[in-house]
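Participant: What follows is each chain in one-letter form.
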Amino acid sequence: MSALLQVNDLKKHFPVRGGLFSRTTNWVYAVDGVSFEVERGETLSLVGESGCGKSTVGRAILRLFDITAGQVVLDGQRIDDLSPGALRSMRRRVQVVFQDPFSSLNPRMRVRDILAEPIRNFGLAKSSAELEARVAALMDTVRLPHDALNRRPHEFSGGQRQRIGIARALAAEPELIVCDEAVSALDVSVKAQIINLLQDLQQEFGLALLFISHDLAIVEHMTRRVAVMYLGKIVEMAPRRQIFTAPKHPYTKALLSAVPLPEPGADRNPIILKGDVPSPINPPSGCRFHTRCPFVFARCRTEEPMLRSAGDGEWVACHLESLPEVPGPLGDPRVRRN
Amino acid sequence: MALLDVQNLQTHFRTPEGVNRAVDGVSFHVDEGETLAIVGESGCGKSVTSMSLMRLIPEPPGKIAGSIRFQGKNLLQLSEHEMRAIRGNDISMIFQEPMTSLNPVLTVGRQIGETLRMHQGLDKQAALARAVEMLALVGIPEPARRVREYPHQLSGGMRQRVMIAIALACNPKLLIADEPTTALDVTIQAQILQLMLDLKRRVGAAIVLITHDLGVVAEIAERVMVMYAGRKVEEAPVAELFRSPRHPYTQGLLGALPRLGSSLTGAARRLAEIPGQVPSLKQRIEGCVFVGRCPIATDLCREFAPGLEEKTPRHFTACHYASKGAAAA
Numbered sequence: 001m002s003a004l005l006q007v008n009d010l011k012k013h014f015p016v017r018g019g020l021f022s023r024t025t026n027w028v029y030a031v032d033g034v035s036f037e038v039e040r041g042e043t044l045s046l047v048g049e050s051g052c053g054k055s056t057v058g059r060a061i062l063r064l065f066d067i068t069a070g071q072v073v074l075d076g077q078r079i080d081d082l083s084p085g086a087l088r089s090m091r092r093r094v095q096v097v098f099q100d101p102f103s104s105l106n107p108r109m110r111v112r113d114i115l116a117e118p119i120r121n122f123g124l125a126k127s128s129a130e131l132e133a134r135v136a137a138l139m140d141t142v143r144l145p146h147d148a149l150n151r152r153p154h155e156f157s158g159g160q161r162q163r164i165g166i167a168r169a170l171a172a173e174p175e176l177i178v179c180d181e182a183v184s185a186l187d188v189s190v191k192a193q194i195i196n197l198l199q200d201l202q203q204e205f206g207l208a209l210l211f212i213s214h215d216l217a218i219v220e221h222m223t224r225r226v227a228v229m230y231l232g233k234i235v236e237m238a239p240r241r242q243i244f245t246a247p248k249h250p251y252t253k254a255l256l257s258a259v260p261l262p263e264p265g266a267d268r269n270p271i272i273l274k275g276d277v278p279s280p281i282n283p284p285s286g287c288r289f290h291t292r293c294p295f296v297f298a299r300c301r302t303e304e305p306m307l308r309s310a311g312d313g314e315w316v317a318c319h320l321e322s323l324p325e326v327p328g329p330l331g332d333p334r335v336r337r338n
Numbered sequence: 001m002a003l004l005d006v007q008n009l010q011t012h013f014r015t016p017e018g019v020n021r022a023v024d025g026v027s028f029h030v031d032e033g034e035t036l037a038i039v040g041e042s043g044c045g046k047s048v049t050s051m052s053l054m055r056l057i058p059e060p061p062g063k064i065a066g067s068i069r070f071q072g073k074n075l076l077q078l079s080e081h082e083m084r085a086i087r088g089n090d091i092s093m094i095f096q097e098p099m100t101s102l103n104p105v106l107t108v109g110r111q112i113g114e115t116l117r118m119h120q121g122l123d124k125q126a127a128l129a130r131a132v133e134m135l136a137l138v139g140i141p142e143p144a145r146r147v148r149e150y151p152h153q154l155s156g157g158m159r160q161r162v163m164i165a166i167a168l169a170c171n172p173k174l175l176i177a178d179e180p181t182t183a184l185d186v187t188i189q190a191q192i193l194q195l196m197l198d199l200k201r202r203v204g205a206a207i208v209l210i211t212h213d214l215g216v217v218a219e220i221a222e223r224v225m226v227m228y229a230g231r232k233v234e235e236a237p238v239a240e241l242f243r244s245p246r247h248p249y250t251q252g253l254l255g256a257l258p259r260l261g262s263s264l265t266g267a268a269r270r271l272a273e274i275p276g277q278v279p280s281l282k283q284r285i286e287g288c289v290f291v292g293r294c295p296i297a298t299d300l301c302r303e304f305a306p307g308l309e310e311k312t313p314r315h316f317t318a319c320h321y322a323s324k325g326a327a328a329a
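Residue numbers (the UniProt record's numbering), protein chains in the order written: chain A, 1 to 338; chain B, 1 to 329.
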């Protein structure tokens with residue numbers, strides 16, 4: 001059976017306008033050739049820092065804008081070139097939960113109407129009684145009291161609003177939910193509630209999740225596979241255990257080592273990357289990570305490494321992987337703290 | 001004598017719906033050269049505490065009571081003029097959002113130089129030269145060029161470095177850092193945390209670090225104070241707090257935290273939850289502030305607020321059942 005979602009060589013370039021008559025003066029290469037699959041019922045996480053293009057990938061799949069090149073295939077059918085009418089039925093199958101529960105709910109709608117809208121739009125209820133029953137069931141699913149149906153979003157706390165957002169996504173009975181930093185804005189204690197809820201719902205409904213996040217500890221907790229992005233490209237993709245216990249790409253290693261651990265005096269040896277992420281308007285030649293990579297050598301500056309299989313479902317885009325022995329030619333570049 | 005000694009700090013705000021007790025009777029101290037972290041979730045009063053220390057709370061609607069002694073002087077009794085001589089000079093502050101806390105129409109050199117000219121009476125030339133030194137100190141490449149640039153020309157990490165340069169320009173005794181790395185990416189956060197540790201060793205300022213990130217706390221704090229709903233619920237040296245938290249809230253927070261390495265240990269697939277929500281601060285809370293969410297609360301907790309008790313040396317907990325709580329954890 002084919003994967004639920006296939007993304008093939010997806011590209012999204014945004015124009016930069018300026019000068020006389022707002023001509024296009026440049027392009028932001030936000031996503032520049034990304035391919036992956038999501039199986040039914042699994043969680044794939046997209047991780048990376050701001051500007052790596054992870055949210056753009058999510059939005060392209062939802063078709064919140066048209067893509068520049070590539071294909072998005074849902075259940076064997078291309079959806080990136082569908083007409084708006086034909087797209088409608090596909091939209092039901094892919095839903096989204098956004099980061100900010102304050103701005104992603106319409107403040108003038110009651111919770112009842114927020115949840116009823118997708119059910120009506122997709123004709124999922126035959127009568128108003130059935131509609132009412134479905135809305136009530138959704139509230140049970142996300143563990144909110146029924147009397148909350150007549151209230152408006154501002155009357156709820158952040159965690160409760162995120163529950164409403166999840167209920168709205170579930171209302172359309174989707175097969176895939178894109179969670180774009182869905183728990184990032186929440187406090188620790190509430191975050192745990194929402195993560196547990198998402199995991200329960202995934203079990204219950206066999207949902208596939210595309211979990212977009214910069215929080216690596218949460219990703220490790222709930223994902224099956226991880227794709228690490230840097231400047232619009234996937235640099236490493238592997239099952240959870242490989243990524244977190246034996247990362248291969250130097251960027252993945254640095255990213256993981258930079259996470260502060262809640263263990264005072266832990267024996268850490270963080271790799272401190274120098275400098276900032278370069279601009280996606282003029283991405284570096286060759287490997288995009290070469291300007292910050294501690295293991296960089298001549299080939300990295302000119303030739304772009306392709307994503308290659310490293311066995312066991314693991315994919316890495318790094319020239320070092322084709323060399324006999326890591327650590328690279330510059331010796332051990334790790335900077336010790338203290 | 002402690003560098004900073006805060007006694008029974010109460011910062012309340014008048015609102016149309018009633019008085020909001022954002023900070024309600026908090027006491028703590030900071031020694032010279034020490035790093036104290038104040039942790040807690042949104043609305044616990046940690047940021048209001050830091051703003052109160054600098055007297056940046058608009059009055060009215062705010063009202064600060066209690067005492068804040070800095071080097072023996074009660075800051076709450078100083079005139080606004082005297083306070084201005086302390087802000088940015090003896091006590092300085094780093095804010096979370098480096099984009100909004102820098103002036104977009106002034107070069108970073110002007111902004112670093114401003115504190116030097118105001119507090120140390122340097123002239124324009126000398127202030128600019130010192131600004132270049134400060135930029136070099138905080139690890140900005142090509143400081144002589146960068147000093148003439150505007151905030152929008154710098155990346156987020158560099159802007160935060162500029163903020164730190166401004167804060168350290170006058171060699172403050174106390175640096176208040178309010179979520180200094182929250183808006184930054186993890187690799188940039190690692191750079192900034194390392195910079196703060198480095199600078200602390202070299203400059204020797206005491207730091208009050210306000211954060212919600214327990215990982216950052218473990219990384220750079222020496223002592224930790226946990227706040228909840230405007231009150232201090234626990235305080236301990238950092239290793240002690242993470243090893244044996246005594247307050248049920250602290251225990252809940254640490255349990256709710258997903259940790260790196262969970263795939264290796266095959267740890268439980270569910271996170272511990274703290275049920276319920278933070279209480280409204282607009283009603284006076286008679287008993288313990290955590291009572292509505294506490295797994296071991298009793299009638300005693302509902303009626304009487306527990307005082308802070310030193311259960312083991314330097315480890316203070318405000319819980320009637322702190323020892324019982326530790327046993328249950």
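Treat the hints with care, as some may be off.
Unchecked claim - In silico SDA-like cross-links for lysine to any residue, where the CA-CA straight-line distance does not exceed 25 Å: (1) A/Lys253 with B/Lys311; (2) A/Lys11 with A/Phe65; (3) B/Lys311 with A/Pro264.
To be verified - Just so you have them, the derived chain A footprint on chain B, three or more residues with Cβ under 8 Å: (4) 115-126; (5) 247-254.
Stated by the list, open to error - Here are some of the chain A residues that sit facing chain B, going by a computed Cβ distance under 7 Å: (6) Leu197; (7) Leu201; (8) Glu204; (9) Gly206; (10) Gly265; (11) Asn269.
Keep in mind the hints are simulated off the structure, nothing from the lab.
Source: prediction; values computed, not measured.
Beta carbons: idealized from backbone N, C-alpha and C, even for Gly.
Participant: Going through the earlier hints one by one, which of them does the structure break, listed in rising order?
Facilitator: Hints 1, 4, 6, 7, 8, 9 and 11 are the ones this structure does not satisfy, whereas the remaining hints hold.
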